[in-house]
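Going by my numbering, the first residue of the sequence shown is number 885, and it counts up by one from there.
It should be emphasised that the hints constitute simulated quantities derived from the structure, not laboratory data. Beta carbons: idealized from backbone N, C-alpha and C, even for Gly. Accuracy of the hints is not assured; some may be wrong.
What the hints assert, rightly or not - With a straight-line Cα cutoff of 20 angstroms, these simulated EDC-like cross-link-like pairs (lysine to aspartate or glutamate) come out: (1) K1155 x E1123; (2) K1217 x D1187; (3) K1150 x D894; (4) K994 x E1123; (5) K1028 x E1134; (6) K1027 x E984; (7) K1184 x E1123; (8) K1100 x E1058; (9) K1151 x E934; (10) K1150 x E1084; (11) K1103 x E1134; (12) K1014 x E989; (13) K1202 x D1174; (14) K1202 x E905; (15) K994 x E984; (16) K1150 x E1134; (17) K1150 x E1215; (18) K911 x E1180; (19) K1189 x E905; (20) K1014 x E992; (21) K1202 x E899.
To be verified - Simulated DEER-style distance windows between Cβ atoms: (22) D1187 x P1033: 42 to 52 angstroms; (23) R945 x P1033: 27 to 37 angstroms; (24) E1123 x D894: 42 to 52 angstroms; (25) P1166 x P1219: 17 to 27 angstroms; (26) W1176 x D894: 20 to 30 angstroms; (27) D1053 x N1206: 20 to 30 angstroms; (28) D1187 x S1017: 47 to 57 angstroms; (29) G1201 x D1053: 31 to 41 angstroms; (30) E1223 x I1012: 22 to 32 angstroms; (31) N1026 x E1123: 29 to 39 angstroms; (32) M1096 x S1023: 35 to 45 angstroms; (33) N1026 x D1187: 41 to 51 angstroms; (34) L966 x F1030: 11 to 21 angstroms.
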Amino acid sequence: MFFPISRAEDFVLVEELPGDEIYTHWKNSGLNPGTPIQEGDLLGEVSLVEWGCRNEWYEGRLLEDPIRIETSRYLNSKITQLDFRKHHSPLAAKIITSEEHLFAELEEAKLPLVLKSEFGLAGRNHIIFKSASDSWKMSQVNKKLFGFPILAEFWVGEERFFDFSTLWDVRDGEFFYLTSTAMLIDKEGVFRGIRIGGSELPYSASFLPPVMDLVKDTKGLIPNEYSGPCAIDGFLFREEGRVQVQPVSEFNFRYSIGRILWEVRKKRNPKLEVVTGILILPYPKQGSIDEWQTIERLEKELDIKLILLTPVRDLIGKPYQNTVLYFETTEEKEPSVVESIWQSWMN
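Model the full assembly from the supplied sequences, consistent with the hints where possible.
Now the structure itself:
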């Protein structure tokens, strides 16, 4: 994921070298990426940029830094983040520390509830309890949520209608605002993509003020040791006919997909009215896909620009579980473009 946003003068550390086809694809798309290297190939001093902030560079290798790991765990823990968002969330949430505690909570709490792992990615590590008949899902806690502690939060379900993410740079404990993005979430609550551009983001006048207030109140809670990107995810929902704002469902102190999109858009530099987005596309469960033929056909049929940000398969032809695809289109065409890409890829 760092290849497309790297500069020509950068060195990009990889476990597997990229194929000539996708490397040429990036260059032809105006991304002009850096030089791929593998461990041991680069010696000397470097300025390290990584997805999270967990390692140091020593004699050509990445070494885990215990202090950075502890800082990362502190910042990205949903348990810790309850302190960050205190007094800024309209939805009740609490920490569950054991199976016995969870049993008791499910007997007393108002359903539906969503259980979230302390550390998770892209909405995958959660379990929703809609009614007492969902008690069988208890067996999934250790598998899907990796054990306790976990976070229990009131679930608004179908009343949730708009997901957003605000992007920030963090330096010396201070937040510097970059932009806001709209997230594409499926009916199961799983993240499928993100978009930037076009006219003003819907509902930004509703959600930006409470997010700004939230950020002000985090002062003193963010360690000065952390310097880098942050994405604050939130959503809007309806309660008794009124629009409510959840300014933060989680903080992501790392290069989120939204930040990758922002960086790619900056390199591509399209006009402000152009909508740009990223889709996370699973490899088809049945059959196979010719990615280059599919991209060429979609670009012609839909009059859009598409860029593969990650390869579809490795150098020996084994497919990856997901592929990251960037698109550029107009605001009017965006919904149909997203649907067409998804259907073409999956079918």
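Worksheet item: Between K1217 and D1187, is the straight-line Cα distance small enough, at 20 angstroms or below?
Response: This hinted pair holds, its Cα atoms lying about 10 angstroms apart.
Worksheet item: Does D894 lie within 20 angstroms of K1150 when you go C-alpha to C-alpha?
Response: Distance ~17 angstroms between K1150 and D894 Cα, so the pair holds.
Worksheet entry | K1014 paired with E992 [C-alpha distance capped at 20 angstroms] | 14 angstroms, holds
Discussion item. Does E1084 sit within 20 angstroms of K1150, going by the straight-line distance between their CA atoms?
Written reply: 18 angstroms, holds
Worksheet item: Within a Cα-Cα threshold of 20 angstroms, do K1100 and E1058 meet the stated pairing?
Response: Within the cut-off at roughly 9 angstroms; holds.
Discussion item. Taking 20 to 30 angstroms as the stated bounds, is the beta-carbon spacing between W1176 and D894 within them?
Written reply: Between W1176 and D894, where Cβ atoms are some 26 angstroms apart, the hint holds.
Item to complete: Mind checking the hinted window 31 to 41 angstroms against the Cβ distance between G1201 and D1053?
Response: Because 39 angstroms falls inside the window, the suggested range holds.
Worksheet entry | Proposed proximity, E1134 with K1150 (alpha carbon, max 20 angstroms) | 25 angstroms, violated
Fill in: Hint consistency between K1150 and E1215 [alpha-carbon to alpha-carbon, up to 20 angstroms]
Answer holds: K1150 to E1215 is near 18 angstroms, not above 20 angstroms.
Practice prompt. Please test the hint of 20 to 30 angstroms on the beta carbon pair from D1053 and N1206.
Written response: 27 angstroms, holds
Item to complete: Check the following: the C-beta atoms of L966 and F1030 are separated by a distance inside 11 to 21 angstroms.
Response: 18 angstroms, holds
Worksheet entry | Assessment of proposed distance window 47 to 57 angstroms (beta carbons of D1187, S1017) | 49 angstroms, holds
Hints 1, 7, 16 from the list above are not met by this structure, while the remaining hints are.
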